[in-house]
Structures are given as C-alpha cells and as structure tokens.
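J.: Chains as they are written, first to last, in this note's numbering: chain P, 1 to 186; chain S, 187 to 511; chain X, 512 to 1016.
Be aware that a few hints might be false.
Said to hold, decoys possible - Quick list of in silico lysine-lysine cross-link-like pairs, DSS-like style, CA-CA up to 27 Å:
hint, chain 1, residue 1, chain 2, residue 2
1, S, Lys217, P, Lys166
2, S, Lys275, S, Lys217
3, S, Lys463, S, Lys499
4, X, Lys759, X, Lys802
5, S, Lys375, S, Lys499
6, X, Lys763, X, Lys802
7, P, Lys171, S, Lys375
8, X, Lys1002, X, Lys803
9, S, Lys247, S, Lys499
10, S, Lys463, S, Lys375
11, X, Lys803, X, Lys759
12, P, Lys171, S, Lys463
13, X, Lys809, X, Lys766
14, S, Lys273, P, Lys136
15, S, Lys217, S, Lys499
16, X, Lys809, X, Lys759
17, P, Lys166, S, Lys247
18, P, Lys166, S, Lys499
19, S, Lys247, P, Lys136
20, X, Lys1002, X, Lys759
21, X, Lys809, X, Lys1005
22, X, Lys802, X, Lys766
23, P, Lys171, S, Lys220
24, X, Lys1002, X, Lys809
25, X, Lys763, X, Lys803
26, S, Lys463, S, Lys275
27, S, Lys273, S, Lys247
28, S, Lys463, P, Lys166
29, S, Lys220, S, Lys273
30, P, Lys171, S, Lys499
Just so you know, the hints here were simulated from the structure itself, not pulled from any lab data.
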Amino acid sequence: MITGARGKLRACLGGKVETIMLTADRVLAAGIMVLSVYFMWHASALPIGWNGMTGGPGGGAFPFWLSGIMFLCAGGIVLRSFKDSAPFAKDDTPFFDPDTLRSVVVVTLALTATVAALPFAGAYIAIPMFLLWYLKIYGKHGWVLTGALTICTPVFLFFFFEVTLKILLPKGWTEPWFFPLYARFF
Amino acid sequence: MTLKLTRRLSLALAASAALAATAPAFASDWKPSKPVEMVIMAGQGGGADRLARLFQSIIQKENLASMPILPVNKGGGSGAEALRYLKDKEGDNHVIMATLNSLYTTPLRTDIGVNIEEFTPIARMALDTFVLWVNADSDIYTLDDYVAAVRASGGQWKMGGTGTGQEDSLVTSMLENEFGLEITYVPFKGGGDVAKNLVGGHIDSTVNNPSEQLGFFTAGKSRPIATFTPTRLAAFPDTPTMTELGHELVYDMQRSFVAPAGMAPEAVAYYTEMFEKLNASEEWQTYTSEKSLAPDFLTGDALGEYFLVEREKHASLLEMSEQGS
Amino acid sequence: MELLGYLGEGFATSLMPINILIVMIGVTAGLFIGAMPGLGSVNGVAIVLPITFIVPPSSAIILLCAIYYGAMYGGAISSILLGIPGASTAVATTFDGRPMAQQGKAGLALIAAAAASFVGGTISVVLFTLFAVPLADVALAFGPAEEFALVLLAFTTFVGLGGDDVLKTIIMICLGLVLSAVGLDLISGDPRLIFFDQPGFYSGISFLVLAIGIYGVGEILYTIETQKSAPQVTPAKITFRELWYGLKEINKLWKTMSFGSFLGFFVGMLPAAGATPAALMSYGIAKLLSKKPETFGKGAIEGVAAPETANNAASTGSLLPMLTLGIPGSPTTALLLGGMVMWGLVPGPMLFIEQPDFVWGLISSLYTANLFAVLVNLALIPLFVWALRMPFTVLCSLVFVLCLVGGFAPSQKLHDVWLIVGFGVVGYVLRKADYPMAPLVLALVLGPLMERSFRQTLIAEQGNMMAFVERPISGTFMAIAALFFVLPMLKHVKRLLRRDLSPAE
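In isolation and in its complexed conformation, chain P is listed as follows (with noise of 0.2 Å):
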C-alpha cells in the first residue's frame, strides 16, 4: 500500500522505464510460476479430474487447478511488466532501501539462529540470549533494561504457558534443570 504509494507520486515526477521495482516484480512473479508448478506436481499425486464414479472433483483437483489459475496469473504479471502502463514501470526507488537492509538481514539471521537453538539449548536459553542480542547489541540499551527483560522473560514464560497453561516449552539437553520446579509447581 505504501509502496503503491510512493510509485504513483514518482510516476507523476517521470522515470525511467526500466527500473529495479519492475525487475523486483518480474523475479517474484517468475518465482510464484515455479512455485505453482512445483504445487502441481505435488498436487498430480493424486486424481485431478472429474470423478465420474463418485461425482465431483478429485483428490488433487483443487490444489491443482488453483496453482494452475496462481500460474496463468503470475505469467500475466510478467507479461505486464513490458508494457509502459504496468505498476512500477516509473518507480525508481530500488526494492530494498540500502540503509536498512542490513538490520533486517541481521535481524531475520538472529531469528533463525534462535528457533535452530530451540530443539537443543532449548527455549530458556535460546529466548534469553536473542533478547540479550536484540537489546544490548543491536537495540544498545543499558544493561538494566536488557537485565531486567532477559530475566523477567523466560520466568513469564515459565509461570504463563508452563505453569498456568499447561503448554510445556521445548528444553532439549537443559531438560534435567526443571525436574524438581516440576516437582514443585506442578
């Protein structure tokens, strides 16, 4: 919605024709056809026609004809792009802005690297050591505030979904740790 946005404002300035947006456009929509493909061929397991014996569609049917629409209409967004009129043909602003791209790649590695850590350190350490990296390092706030969350967060989550819901949170090998609050709470 921003995006639009922004590209209609530059339209009305003037740009180029072709800009990194369209190109944007193009790689995602040639992206969304493979993915439809790939669906169909999972989708093909399974009977994808008209059941005459029993009436009605197939087992694969659905998911296969829907890739199928999500593949024509992905082509024509391809198609579109070459014509002058197609969105972002003058939007010259690139598809991620340099300056902060950085945080989000960063931030996006972090994430991965903690639900990695779950199944082994497990949540208590996992959860703590991202918000100690979030707040310290990437946030820079003060050690009392990053203290204060990275201690209060794994206890609310211990007393929240543990204790008070039932919903036990992976440990992997810190498992044995929480043998006697078990004990205790439960």
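Start from chain P and add chains S and X according to the hints.
T.: Just chains S and X now, with coordinates in the frame of chain P:
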C-alpha cells in the same frame, strides 16, 4: 481362532491381575519426573479427543498420576502425524498415545514408515460400538426395509460417515458386501456432523457410534435399525444385532493407549497401573454404561496380540472396500 | 413465563459474591490469554476444563463462560495493538484497528472494540434466550450445499470490495486455497501436498502460523526497513475524557453494530460456519453500506466495530448448535461439549426440556460474563495503550519472542515455528511488491470448508452442479453472492460513465 483368542484373553486377565498385585512394588521404583504428554490421534473436538480428555480429567480428579497428563492433538493425516511423532519418541518414558482404529488403517493405507508392532502396548480401555441409523421420519423400521429401500434407490442411497478409509466407511463396505448393495458414501468431518446431517435430511443413513446419536435418539429424531455388536446394547434393548438377523457383521472401535518403542518396563508398569485404577473408577464405569461402550480392559502382550489380529482384519476389510468402490 | 423463572434463578446463582469473583478472575485470565498472539479461548477453556470437575457445576459453567468471553474480547487487543490477529475471528479487526493504532488512536479503537463486543454479545444473548429452541431447526436445514453457498457469500462480500491489483489478489487467494489443501484429502482419505515428506505437514498449515508469520514477523521486518527503527506508532495517550469521547463516538455506530449483531448471531449459529465468516461478512457489508467506503482499511472506526460485534455475537450463536444439536461449531465449543458430557449432560434437542436449570444457568452466566468482560476490558485499556509507548526495539524483541512461543504453543511443533519465520520473510518480500495479504489469510481459513462442502454436495447429488442453485437456501445465498460480485463492478462502471460525461477530467 476364537478358542485361541479366548485363551489369550484369559491369560491376559490373569497376567494383569498378577500385575495389579505386584504393582505397588513397581510404582515406587519409577515415577514420571516431568509432565506426561498424551498424544491424541485425532483433532480437537472429535469423539476420540473427548474421550482422551475425559481420561485426563478423571486421572486429575482421582489423583492417579504424580505429574499432570497433558493432552496434545496430532490428528493430521488420519493420525499419520501422531504415528510418526511416536516413532520419533523411541525410548521416551513421558509420552503415551490415545489411539483408535486408524492405528491400523492409516499405516495400511499409506506407507508412512511406521510399524505399529514396535510400539509398546499399554492398555485398552474400551470398545466403541456401531449402530445403523435412519431418520425417524423415514418408514424404515427393520433391516429388510432398509435393504429394500437401498435397492430401490438405484445407487443413490446416501450413507454419511467420517473420512474414507476410516471406520464408518469400512462398516459401509461391509454392508455393501453382505447384501450386494450399492451405496453412495458421503464423508464428513466428524461423527457429530454426520449425526446432524442425518436428522437434517441431507443424508439417508449413518453408522454412528451410539454416543453420537444419543441426543437425537432420545428426542425421537433418529431410529436405530440394527447394531454391529455381538450382543444387544443395554441402551437399545429393542434393537436387534446383525448377528441375530443372520448376518455375521461385527465391528468395533478400540480405544487404547500405546507408548513409544523401548519404553522402560518400570514406566510401562506405572502407566498400566494408572489405567487399571482409571478403569476401576466409578466415573468411567458410569460413562461406559451410559454411552454403550464395552469396557473390555486389556493390557500388555495380550493387547499387542490383539493389535496384530485387528490389523490383519483391517487389511482384508480395506481390500474389500477398495474393490467395492 | 417459565423461562423467566429459570432465568431469574440462574441470575440469582451467577450474581452471588463468590461467583462474581469467579467471573472477574475468569474474564481477566481470558483477556490476557486472548491478547497473546497464538493463544485463544480454546487454550483457556482446555486448561480450566479439568478443574471444573472439582468445583460445583454451576460455578464451573460461570468460569468457562467468563474465560470464553474474556478471550473473545482479548483477541481484538492484539489485532489492534500489534496487528497480529490472535484468532481467525479477529482478522477483520486488524484491517482498520491496526491503522487506527498507527495514527495514535489505539485507545479509541480498543474502546470501540470493547463496546462493539458488548453490544454484539448482549443482542445475541437476548436472541439466544428468546429463540434458541426454534432456531435449532434452521441449523438442521444446513447441509453441505448451503455451507458452500455461505462460504462463497463470505468470500464475495469481502473480495468484491478489494481495491488492490486484481492479478495479485487472485494469486494470493489461490495461494491461500492451495495452502489450505495441505495435509489430508478428507474425501479420499489420502495425504496430499506433504512437502519434502515432512510429517509436520500432515496436519495442514494452521491459520495461526500464517497469521503470526505474516502479521507478526513479516510486519516487524517491514517496519524495521521502512521506518528506520523510528517508533512505528504515534504514542497514544488515554484520559478519562477521551474514554468519554470514545463512547460518544461509538454511539453513532448503532446501525453498524445492530446489523453486525444479527448477522453474527445467525451465521455463528450455523454449525461449521462460525465466527470468522461472520466477522468478514459484517466488515464487507459495513463497507458496502457506508457513506465513506474509501476510509475503510485506513482507520475507520466502523471497520473495527463491525467485525467485533459480529464475532462476539457469533461466539454466542455457536453455543446454539452445541447445546441443541450436540455439534460444536469451533474447537472451543467442542471442548465445552466434552465438558458437558463429563458432567453427565446429553446435549441435543432434549437438553432444554430435561436440564432447564443447566441451560438457563449457562445463559445467565453469559449475560454476567459479558457485562464483566466489558468492564474489566475498559479498565485495562490504559495499561495496553501504555505498552505501545515502549521503545521500538524493546517492543520488537518482545513481539518476536511472543511470535515464536505463541506459534509453538497451540500445536507444540517446532515445524510450525520454522514456518512462521519462513512465512514472515516471504510475506515481507511479497508485501513490498504490493501483494495483498488479507486475501491469502482468509482463503486459508475458508478454503477447507469450501472444498469439503463443494465435494460433499457433488458426491451426494451424483455430480449434479445445479444442486447449489436448486435448493432454496443455498440458491438464495448464491444469488446474493452474485449480487455482491456484480455490485462493485456496477459502481465502477457508473463512476467511469460519470467521468466520461464530465469533460473537466
């Protein structure tokens, strides 16, 4: 075979009685050190889920376990998800699984790399029964009426049930096979949905469990035609069994608990004892008699044998139903 | 008048001091559980259910109703403040609730949501009291064909209004529908679309995973990039005067709210449909009837009130098929049903005759729970608004943690947490290229019901497509759906014609 089974059964009973006697000694050896996960092979809200949660609440109320039992639904792929999960939990002493007949049918229908023989059998709590139902507004009163009506419809007779390849569809194909009928099978999401569609007149008959139709039956909106049980059900004394009518059609749904492969024997003993106490509880006994469940308690190796016999039976049933369609 | 007697007795019980205390605890707990992304009334009810066998049944019902209502109110809180719908019923609330929060009107949006929920809850409980028994027959008349027509109607009321890129909207709808097909084909019982043979896909892709991924992780990544770490929202302040102003503002929404209540109650009453289509249809219709439809999606207060009245009304409505037919319309009512069975009650048509004290005790608890839910909610609004004033990096890190833990909690699968991160990144990239997200999320919610009812009808009718049009109820719905589809186009044509006539353009 019947004889052999009976002997096994009595052996099992003796074994479980012996186990019950020695259980306290076992119980002191091992206790769960963290909450126990109770995997449910079905989604939230179905019959299997409700029963599993009933067990959980009785265990909690009667204080039968030292740690909470936490139900987790893994109903995906007709229980395939739960089976794969249990397989990955090999040697874990803190997981048990509430099963139904998809324990056999799902691995038989699709290759998911699970062999149920490897699981540790814990306890069979009950056998759920099946009854043939029609809408109370129809003029079908007997099995003969029913067969005649299905024949007259010329293949347009609509039987509602749970997903294809699951219990209801197997019972339907047993019916088709026995009477040489042609029935249109319409799968629904759950037993409650099926029951409602029968009363609403969207389908012509069902093979619901008694508990699913009980509400409508007491309101006089649905009518039982015959039961797929060896003997008449106490809740429906006037409804004949299929066997009585000269058709050997018996089918039931087991409600058992299994544990992952390689569970420590002490842990197995602990859970077996827990379910024994559960089986003896007043709540459970009242529930089974009200809901027409057969509380056939079975544990240990005898249960393992039972699973294998049932798997054979389902393999041939599935083959039959696939030929039929 | 027998009815009033039972209701009076029910009130006498539910207004006892001890029970009022129970209601307060239940509502507050429900509110916090509902406000947590990923958790909803189903978690609250699941955890309280075993406890209810220890306390007397009358108090147990009160506690369950209080949690149920509290969580329904709470769902709107995370939709408005964080833009993450905690439950599928609250998706429509994000469309305008989130923009309002970004404009610094979080307090007003929260008040509107609370007031709307209260109106929806109250009107529907009154409808329930008066018509519960006769309406059961309406629910029975709904077979697969009618369900399909209803879902189609819900889709068109929403999609017909879209102002986004048409090709991209279609792609997102199709993608949502394809993702909704992952898992199991109910009709044949075969697994399908099990990507990379991951067992996690057997249970399909849950709405919560997609919503938390896209609206939680994706949204924050988007904000990090576009806002350059500056605060994403205008800090909202809340004073007593603003509260009063808010309530006056809401007074103008009577039309939207009463329509939403009736619609919500009737759609919620239909088994299988539930509160999500109700909230969407209410939003769509409010936009259609509005004098200023262009403000929708940009922070229109009606856009918050309409879905919130409808989803609360629908959650009361969904108790109707549970009590009268024994069919749960949602996972939460399924658990409540399980609870009733354990108390030795047989849900079904006879329940109202055999156990009137239970039924009317439940209804009177609904009245009290609703009243206390709105009071507790209004009292806590300043606290929630204050939470938004935290520094952006602090809020972000906490929301990330809530997304991970909240995504794990419902299914307890790490598979889902990975999907959340994946959907977050993909959603972030697609959003930058103007792909709309709401159609994707809604298609995922409505997809399974749509496919199943479509195929069930065709099997039952031997492949006769006309079945959808021939049956009176589904035929009517199909006609209205067609109307909704055509109406926006007509408006468009009219606008084009007018533009042609005026030479100044």
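J.: Next, verify each hint and record whether it holds.
T.: Each hint tested on the structure:
1. Lys217(S) / Lys166(P): holds, 19 Å
2. Lys275(S) / Lys217(S): Distance of about 18 Å is within 27 Å: holds.
3. Lys463(S) / Lys499(S): It is violated: about 31 Å lies between the C-alpha atoms, which goes past 27 Å.
4. Lys759(X) / Lys802(X): holds, 19 Å
5. Lys375(S) / Lys499(S): Roughly 25 Å separates the two Cα atoms, so the pair holds.
6. Lys763(X) / Lys802(X): Holds, at about 13 Å.
7. Lys171(P) / Lys375(S): This hinted pair is violated, its Cα atoms lying about 35 Å apart.
8. Lys1002(X) / Lys803(X): holds, 14 Å
9. Lys247(S) / Lys499(S): violated, 37 Å
10. Lys463(S) / Lys375(S): violated, 33 Å
11. Lys803(X) / Lys759(X): With a Cα-Cα distance of about 20 Å, the restraint between Lys803(X) and Lys759(X) holds, given a limit of 27 Å.
12. Lys171(P) / Lys463(S): The hint is violated at about 31 Å.
13. Lys809(X) / Lys766(X): holds, 20 Å
14. Lys273(S) / Lys136(P): violated, 42 Å
15. Lys217(S) / Lys499(S): Violated: Lys217(S) and Lys499(S) sit about 37 Å apart, past 27 Å.
16. Lys809(X) / Lys759(X): holds, 21 Å
17. Lys166(P) / Lys247(S): holds, 16 Å
18. Lys166(P) / Lys499(S): Answer violated: Lys166(P) to Lys499(S) is near 39 Å, above 27 Å.
19. Lys247(S) / Lys136(P): At roughly 47 Å apart (the allowed maximum being 27 Å), Lys136(P) and Lys247(S) break the hint.
20. Lys1002(X) / Lys759(X): violated, 32 Å
21. Lys809(X) / Lys1005(X): holds, 24 Å
22. Lys802(X) / Lys766(X): Distance ~12 Å between Lys802(X) and Lys766(X) Cα, so the pair holds.
23. Lys171(P) / Lys220(S): OK: Lys171(P) and Lys220(S) at ~12 Å, within 27 Å.
24. Lys1002(X) / Lys809(X): holds, 21 Å
25. Lys763(X) / Lys803(X): holds, 14 Å
26. Lys463(S) / Lys275(S): holds, 26 Å
27. Lys273(S) / Lys247(S): violated, 30 Å
28. Lys463(S) / Lys166(P): holds, 24 Å
29. Lys220(S) / Lys273(S): Measuring from Cα to Cα gives roughly 20 Å; hence the hint holds.
30. Lys171(P) / Lys499(S): violated, 42 Å
Consistency with the previously given hints fails for numbers 3, 7, 9, 10, 12, 14, 15, 18, 19, 20, 27, 30, ordered from lowest to highest.
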